[in-house]
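S.K.: Sequence:
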Amino acid sequence: MFSVNTVWDNIDKVRGSGPVVLSITNYVVMNSTANALLSAGASPIMAHAKEELEELITIAGSLVLNIGTLSTGWIDSMRFAASIAAAKYKPVVLDPVGAGASRLRTETSISLLEEGCVSLVRGNASEIMALAGVGAMTRGVDSCNDSNEAETSAKTLARKYQCAVAVSGCVDLITDGETVYNITGGSDYMPLVTGMGCIATAICGAHLAICEDSFAAAVSGMGCMAAAGGLAKVASNGPGTFAVHFIDALHNVTENDITRLVEVRSV
Numbered sequence: 001m002f003s004v005n006t007v008w009d010n011i012d013k014v015r016g017s018g019p020v021v022l023s024i025t026n027y028v029v030m031n032s033t034a035n036a037l038l039s040a041g042a043s044p045i046m047a048h049a050k051e052e053l054e055e056l057i058t059i060a061g062s063l064v065l066n067i068g069t070l071s072t073g074w075i076d077s078m079r080f081a082a083s084i085a086a087a088k089y090k091p092v093v094l095d096p097v098g099a100g101a102s103r104l105r106t107e108t109s110i111s112l113l114e115e116g117c118v119s120l121v122r123g124n125a126s127e128i129m130a131l132a133g134v135g136a137m138t139r140g141v142d143s144c145n146d147s148n149e150a151e152t153s154a155k156t157l158a159r160k161y162q163c164a165v166a167v168s169g170c171v172d173l174i175t176d177g178e179t180v181y182n183i184t185g186g187s188d189y190m191p192l193v194t195g196m197g198c199i200a201t202a203i204c205g206a207h208l209a210i211c212e213d214s215f216a217a218a219v220s221g222m223g224c225m226a227a228a229g230g231l232a233k234v235a236s237n238g239p240g241t242f243a244v245h246f247i248d249a250l251h252n253v254t255e256n257d258i259t260r261l262v263e264v265r266s267v
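Start counting the sequence shown at 1; every next residue gets the next number (the UniProt record's numbering).
Just so you know, these hints were derived from the structure itself, not from any lab.
Here the structure is a predicted model, which is why all the values come from computation and not from measurement.
Certain hints may be false.
Unchecked claim - The list that follows gives simulated cross-link-like pairs (lysine to aspartate or glutamate, DMTMM-like), each with its CA atoms no further than 25 Å apart:
#	residue 1	residue 2
1	K50	D76
2	K88	E51
3	K160	E212
4	K88	D76
5	K233	E212
6	K50	E151
7	K88	E55
8	K88	D213
9	K155	E107
10	K233	E263
11	K50	E107
12	K155	E114
13	K233	D12
14	K233	E178
15	K13	E263
16	K13	D188
Kindly generate the complete structure, drawing on both the sequences and the hints.
M.R.: Here is the structure:
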């Protein structure tokens, strides 16, 4: 059974061990994602050149693949990195940004899943439904579906690719294909800040680096996001100030904040 204690224990482990998280991610979020990882206690590396990926994966605790701004070269680097991570038994989290909005995004995500190295997929409901082959409404990289609508799709993906799946939403949904957990908390400002989902993926990557169980890592990573979101909202006047306070909250969140602001329950 997972609980708010699981969330706090893994937050504390990330802070204590400072895992290196290697991200092949998009131009839009590189800076904010790196700052979020630093604030959470992890050590970020942003890279996409194939020539250095094997060396960097060797020292990394986990690999984040984020398809937000795709190009042919970056796709090749992601596939190469995925194969190296598999060979070195390093966990991988995939963020299928905008899957369903274009064939390139959907097919790239599926090809990475078929490499068999992905430990966790973190996406919004529309992205997860698109990867499962279910018709879902999309608006670019934004979701038009609630997380509960993606439960069957998330279970299907988890079973097919033997990974955990985290679906972001007003209520987050985490599954390993059989068991389902919901996480509540966060803030309604979160969808109004660019890259907040990408930050969630990176935070899950940090938790994957210190946790052998990808399902537990997903629960604690998303729980960390929910707690920081709830804490930041109290100090914010809108999305702009929320973005700043959120980074502070990742650094300052306490066990008491987790207990107050986050609910983790089995469905």
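S.K.: Take a quick look at whether K50 and E107 sit within 25 Å of each other, Cα to Cα.
M.R.: holds, 21 Å
S.K.: With a cut-off of 25 Å on the C-alpha distance, tell me whether K233 and D12 pass.
M.R.: holds, 22 Å
S.K.: Tell me if the straight-line CA distance from K233 to E263 falls inside 25 Å.
M.R.: holds, 17 Å
S.K.: Given the hinted pair K50 and D76, is their alpha-carbon gap at most 25 Å?
M.R.: Holds, at roughly 8 Å.
S.K.: Under the criterion that the straight-line Cα-Cα distance not exceed 25 Å, is the pair K88, E51 satisfied?
M.R.: holds, 17 Å
S.K.: Does the alpha-carbon distance linking K155 and E107 stay inside the 25 Å limit?
M.R.: holds, 19 Å
S.K.: Is K160 within 25 Å of E212, Cα to Cα?
M.R.: Cα-Cα ~20 Å, so holds.
S.K.: Between the alpha carbons of K13 and E263, is the straight-line distance 25 Å or under?
M.R.: holds, 20 Å
S.K.: For K88 and E55, compute the direct alpha-carbon distance and say whether it is at most 25 Å.
M.R.: holds, 11 Å
S.K.: Between the alpha carbons of K155 and E114, is the straight-line distance 25 Å or under?
M.R.: Status holds; Cα separation ~16 Å.
S.K.: Holds or violated: K88 with D213, Cα cutoff 25 Å?
M.R.: holds, 17 Å
S.K.: Would the pair K13 and D188 pass a check requiring their Cα atoms to be no farther apart than 25 Å?
M.R.: The given pair, whose Cα atoms are some 28 Å apart, is violated under the 25 Å limit.
Hints 5, 6, 14, 16 from the earlier list are contradicted by this structure; the remaining hints agree with it.
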